[in-house]
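**Q** Got chain A sorted already, so can you dock chain B onto it with the hints?
Protein chains in written order, with the working numbering: chain A, 15 to 388; chain B, 15 to 388.
I should point out that these hints are in silico values taken from the structure, not numbers from a laboratory. You may find that some hints are simply not true.
Identical copies look the same in the list; a pair holds intra-copy or inter-copy alike.
With a Cα cut of at most 20 Å, we get these calculated DMTMM-like pairs of lysine to aspartate or glutamate [unchecked claim]:
id, residue 1, residue 2
1, Lys328, Glu61
2, Lys310, Asp84
3, Lys312, Asp132
4, Lys312, Asp84
5, Lys172, Asp122
Number of protein chains: 2
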Amino acid sequence: MKFEVKVSDKNTSARTGEIATDHGTISTPIFMPIGTQGAVKTVSPKELKEINTQIILGNTYHLYLRPGTDLINSAGGLHNFMSWDKPILTDSGGFQIFSLARLNKIADDGVEFQSHLDGSKHFLTPEKSMEIQRQLGSDMIMAFDECPPADADINVVKQAVKRTELWIKRCKQYLSDNPGIYDWRQTLFPIVQGGVSLKLRKQSVETVAPFADCGIAIGGLAVGEEKSAMFDIIEQMDELLPKDQPRYLMGVGTPADLIYAVRRGVDMFDCVLPTRNARNGQLFTSFGKLNIRNEKYKTDFTPIDENCGCTTCKSFTKAYIRHLFNINEVLGLRLATIHNLYYYHNLMEMIRLHIETGDFGEWSRKYLNKIGAE
Amino acid sequence: MKFEVKVSDKNTSARTGEIATDHGTISTPIFMPIGTQGAVKTVSPKELKEINTQIILGNTYHLYLRPGTDLINSAGGLHNFMSWDKPILTDSGGFQIFSLARLNKIADDGVEFQSHLDGSKHFLTPEKSMEIQRQLGSDMIMAFDECPPADADINVVKQAVKRTELWIKRCKQYLSDNPGIYDWRQTLFPIVQGGVSLKLRKQSVETVAPFADCGIAIGGLAVGEEKSAMFDIIEQMDELLPKDQPRYLMGVGTPADLIYAVRRGVDMFDCVLPTRNARNGQLFTSFGKLNIRNEKYKTDFTPIDENCGCTTCKSFTKAYIRHLFNINEVLGLRLATIHNLYYYHNLMEMIRLHIETGDFGEWSRKYLNKIGAE
Chain A
15 MKFEVKVSDK NTSARTGEIA TDHGTISTPI FMPIGTQGAV KTVSPKELKE INTQIILGNT
75 YHLYLRPGTD LINSAGGLHN FMSWDKPILT DSGGFQIFSL ARLNKIADDG VEFQSHLDGS
135 KHFLTPEKSM EIQRQLGSDM IMAFDECPPA DADINVVKQA VKRTELWIKR CKQYLSDNPG
195 IYDWRQTLFP IVQGGVSLKL RKQSVETVAP FADCGIAIGG LAVGEEKSAM FDIIEQMDEL
255 LPKDQPRYLM GVGTPADLIY AVRRGVDMFD CVLPTRNARN GQLFTSFGKL NIRNEKYKTD
315 FTPIDENCGC TTCKSFTKAY IRHLFNINEV LGLRLATIHN LYYYHNLMEM IRLHIETGDF
375 GEWSRKYLNK IGAE
Chain B
15 MKFEVKVSDK NTSARTGEIA TDHGTISTPI FMPIGTQGAV KTVSPKELKE INTQIILGNT
75 YHLYLRPGTD LINSAGGLHN FMSWDKPILT DSGGFQIFSL ARLNKIADDG VEFQSHLDGS
135 KHFLTPEKSM EIQRQLGSDM IMAFDECPPA DADINVVKQA VKRTELWIKR CKQYLSDNPG
195 IYDWRQTLFP IVQGGVSLKL RKQSVETVAP FADCGIAIGG LAVGEEKSAM FDIIEQMDEL
255 LPKDQPRYLM GVGTPADLIY AVRRGVDMFD CVLPTRNARN GQLFTSFGKL NIRNEKYKTD
315 FTPIDENCGC TTCKSFTKAY IRHLFNINEV LGLRLATIHN LYYYHNLMEM IRLHIETGDF
375 GEWSRKYLNK IGAE
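So that you can see chain A by itself, here it is in the shape it has in the complex (with noise of 0.2 Å):
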């Protein structure tokens, strides 16, 4: 995998790149959707591609349960199961482990959880999470990593940063040990942890940031903090983070959080919002939000966003998406689904545009007010 900066922002640390993975080219900043369980929720590959992504995010964990790595190793690799070829990010499952799944102990060994399907216990250690991406076959694996919630005790993110580091040693060796079993590269991304204390976030960039050969990721933010919190240490690991390789911002945002991200060098994004929201009815767009089973879009025959380009948009209208909701017919988590996603998309190719054409902090601050983020 290779990364090349394309064009550096005067005023802001933005930048647009591209990131060169044997399964195509992804120019960033980038917006990641997540395929959670070896599909997007509600849309298939081909509306995928038609709305412009460039790569999706699987869940290990709960690929992992479900439908078990064995069989996505039979299917050739994820991206064969799923019928998707172009790259493909995994996360390592932690995440899952601490959000979903009934955690019995962790330890420096590795993390015993329960399924949160069916209770069936389980062992996830550095080198099992490796394990599974290898088979899994996604082109930039994430460490194993713990990240602690907003409201640990310092002691907890310490003992978080100090674990964090042991594991991506682990990782490492495992995956030095253990060569790809496709005929693609998968490249590791060190994780930064050391919540809101930028004492800890340093140590944390200096022990994990030499393991990173192209791609580094911010962990442990969006996760309960203030957002100044947050943005505050996306700046200071601005300074922090090798420049030449692409840094991954987990699990943000809204499109105000990508702006704000984007302004302090992150290239990476991925995050639930446009699809589940989507699912709620809640849609993006270039005037801000609008949820569309408001009963004053009863007659409204317009399309959700008059300047929107999807298909949702050039085909269908507030009151017939509605209608959809109304009776819980599934074409309209769909459709909604793909608006999100292709505004998304879309926001995130203005933002490269501005920043390639030198106006990216005069048109963030104008589209900011636009859909009403402060």
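**A** Same frame as chain A, but now just chain B:
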């Protein structure tokens, strides 16, 4: 609307033809997917076109309750509302009242019922059914009829035949007095009732056929009677119905049913089977049915049907679709629906082809054998 018989089979009553409507021409024999509430469940109009859907059916009862006919009228009719520019046939609402709603009273004047959604009271008459279908703007309007179940007393069936006669006159009168409100023509299909009694069927044809301009429907079958009794009646109807109009057998059926009915001179079909069964995991193939949830498909990395040209079979494996059903991912419902509808449309295309090449009888015997039909 115009109907033209193209080729009549030498050995059976099968024939190919073309129905010209203001929304395009339909090749018969034809299968019409059911778009109950302004959407063929799980699929988009674009996908319907990609699998060669030529006409869809809308349910008057459902659309009248939600989103309401005024709303669809404001949208410029059902075609505009749901973004489907090919022909639409709407039923009269009667069948759903009998099968879904709480029926309070049926009399010569009309039918009083309570909505299955909220218990609200409504009164549907032949005139009201015509008014609604005028507002929906369907290309083909079904007469308001009474459709008794198979176990109904002969006197109830007689009564239904009489009422259906009374009502077709009122339907016709209403349509004459109230011309269409859109820029396209709408054609009324009278419905023949009479259960499995040849005498009553004859009587019904004599009384309703004079009201047919271009198209007549065979109602009151597939309501619980023996299959053999159904096909006997269809065979007798073939003698009684005008040859120069399309015959529409309502609510039928399995792939084998379609072949048997085409042999007996039927031109048009609708049925929930391909769409509803798809959502239950039951898939139709050129070698019979299969249920995708079956454990044996867990590691089956072949398509549903190697001989199928649908997008589902071209891109996805049984193992993947089974996984989607396992995790309740709605993409699975869609992939299954697309496959089943493609199968039905392709079956009709093969039927048309073999009628035209002159080997329909022989081909259909072999085909029925292949799919395991008796």
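**Q** All the hints need checking, so say for each whether the structure fits it.
**A** Here's how the hints hold up against the structure:
1. Lys328 x Glu61: both (14 Å within a copy, 15 Å between copies)
2. Lys310 x Asp84: between (50 Å within a copy, 16 Å between copies)
3. Lys312 x Asp132: Answer is between: at 19 Å across copies they meet the 20 Å cutoff, but 42 Å inside does not.
4. Lys312 x Asp84: Between copies only: 11 Å across chains, 48 Å inside a chain, cut-off 20 Å.
5. Lys172 x Asp122: within (13 Å within a copy, 82 Å between copies)
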